[in-house]
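Peer 1: Read off the chains here:
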Amino acid sequence: MRRAFTLAWRLHRAELAAVVAASTAIALAVLGAAADLAETHRQCLAIGARVAPCGGPAEVGQYFTDASQRAQIVYPFAAALPFVAGLVLGVPLASRELEHRTAHLAWSMSRTRLRWLGLRLLPLVLLGLLALAPAALAGEVLTRHYYPLTDPAANFEQYGIRGPILLARFVPAMLIGATVGIAVGRQLPALLVAGALVAGMGAGLSVLRPFGAVPVEQPSRFLEDPVQVGNQYLGIVYRDSDGTLMPEEQAWELLGVPEDQVDPDILPRETFLVILGERYHEILLREAGLIGLGSLMLGTGLARVVRRRRPG
Amino acid sequence: MRRAMRLALAMQRLELWLLLGATVVVVIAALGIAWQTRAVRDEQLACYRQTPSAEGDVTSPCHAHDLRLDPLQAAAGVAKVGVIGVPIMMGAFLGVPIVARELEGRTAHLTWSLSRSRRRWLLQRAGPPLAVVAVASVAVGVAGDVLTHAAPWVEGSDPGFEDWWSRGPQVAVRAAAVFGIALAVGALLGRQLPAVLVTGGATLALFMAAFFVLDGWMEAAAEPIPIAPTTIVSGKIYGGGLQNTATGELLSDEEASVAGLWDEDQLDENGIPRGYTMYFLMVPSHRYGEFVVREAGLFGAAAAATLAIGILVTQRRRPI
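Protein chains in written order, with this note's numbering: chain E, 1 to 312; chain L, 1 to 320.
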């Protein structure tokens, strides 16, 4: 096994170094912002909420400072990191051997092709997860300081750029990359095709969230109670006085009528569809389950492609 | 020459087809979204003309059209990402393998020894893909321009500096610069995938540098433009304040506040301090073309420099 790790490092050191560099850069940027926000929070606890930006948490649960803006610039990079890392490590796994015409040698020297795949894939997955860990941990630290009044375990903010889900997303991306790499047999075209598929997977995960969990309706009480940080907002629905759902168009027609010309009882009630923050871990588990199932299917597909692929 | 062109394109046909496919998708999507946006917006404007708002009505009488425009605007946002991303990807993915694939596949010593000179070989290999990148990027940039001009808030007016990165033929110059970087990095590293990664990092650095340089140029070129409550101005705004109507002296917002000019008793019937005119420190929209040329010069210089480095490295490096 140690030899397998050494080989993985030697074959993919440039890609691994790139992933480590990206993960470290993101972690440092995020931790820098978190440290600044922690300092702001410490000072604000001492001087009270009347001086800017100390009023922020009292009103909306977060500070609006240069550090929070810096953190927001990093978000898209952190969100893309597991997908890009998966591609960069997965695509060359076999496509490089195929492109250099060394696959027939490597495959014939191994007891079975599946054993070859396992010995190549497993060390890379573990090294990739290790490389991404700093960014995942830094994201958790940031959330604690970005929303100092909200329990991070009951907070959907910064979902996907922190904690274990960032690591989990790496695995299917890598399996897609490896499968496409073997199927196409050339690195750069495989990177393009796998990139499109992984982007589709990322968009799919975003669209599918909350993964079948039933949302609850909350009256829109923003003016009275603006602190709604932590819940996952899904949309708005309108209900009439009987509680029956009303189409948005009809609701807008009624809301547009001047107040003195309409019976207030027939005005639609606007409610938010939300997943409450305390279900954060449940949604994480749902996504992890979906990713696990998808990874199993992708892994099976990858094994089949490796067994059937001509080595030239 | 024709054979050389065919060979250069055949060597990268898979990447070429994939990227040209992406280009066609982006162009068709951008034009389709633009066409639909204009059609729905025209219907909405006709609706506004036919159904003026009732007194006291705080909502739009033609809200149904907003429900159709919102997803179109969201789709336009995605198409703009394509307009930015596809030319960059074309430059990177077609530039890297020209030298790097030969080096990685250990065929460089054969191809280079078969050619009269390495420079001639490189020009024959790099020319056709660069031409494809330029033509495809111009098409994408023009589609981006159409998309920006079709936005509901433009209505035939000058969009100014809006969507700076996702429209216009300057998209092609940026793609050429990325192509140059990719070619040079591929020749230096001699391995395709690491070269793509390094090209990505170098491209990010180039675009960030260009952003800051351009922003600096624009801020330096910003001029005070007097505005009245009914004036519609278009351009890139860097600040504003008050101008003394009699002396022409300019005061920033902070200076005006400190001087107490915004106190209630100092204001006229329009809510402006008496004896003063509001101004924006801005680059007016009509100077858009000037900055497009400046940006194209910046990226053009980067393209020329990186292509020269690519040629130099190819001429001097060992063919392994």
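Please keep in mind that the hints were generated in silico from the structure rather than gathered at the bench. Be careful, since some hints might not be right.
[Stated by the list, open to error] Output of the computed footprint for chain E on chain L, the stretches with three or more beta carbons under 8 Å from beta carbons of chain E:
1) 60–68
2) 170–182
[Stated by the list, open to error] Quick list of the computed label-pair ranges, beta carbon to beta carbon:
3) H104(E) <-> G32(L): 19 to 25 Å
4) W262(L) <-> G212(E): 52 to 58 Å
5) D70(L) <-> D240(E): 21 to 27 Å
6) D268(L) <-> L137(E): 55 to 61 Å
7) Q124(L) <-> G32(E): 47 to 53 Å
8) S113(L) <-> L293(E): 51 to 57 Å
[To be verified] Short derived list, chain E residues pointing at chain L, Cβ under 7 Å:
9) A14
10) L16
11) A18
12) V20
13) Q187
14) P189
15) W252
16) P311
Glycine included, each C-beta is placed from N, C-alpha and C at the ideal position.
Peer 1: Of the hints given before, which are not true for this structure?
Peer 2: When the structure is compared with the hints, numbers 2, 3, 10, 12, 16 turn out to be violated.
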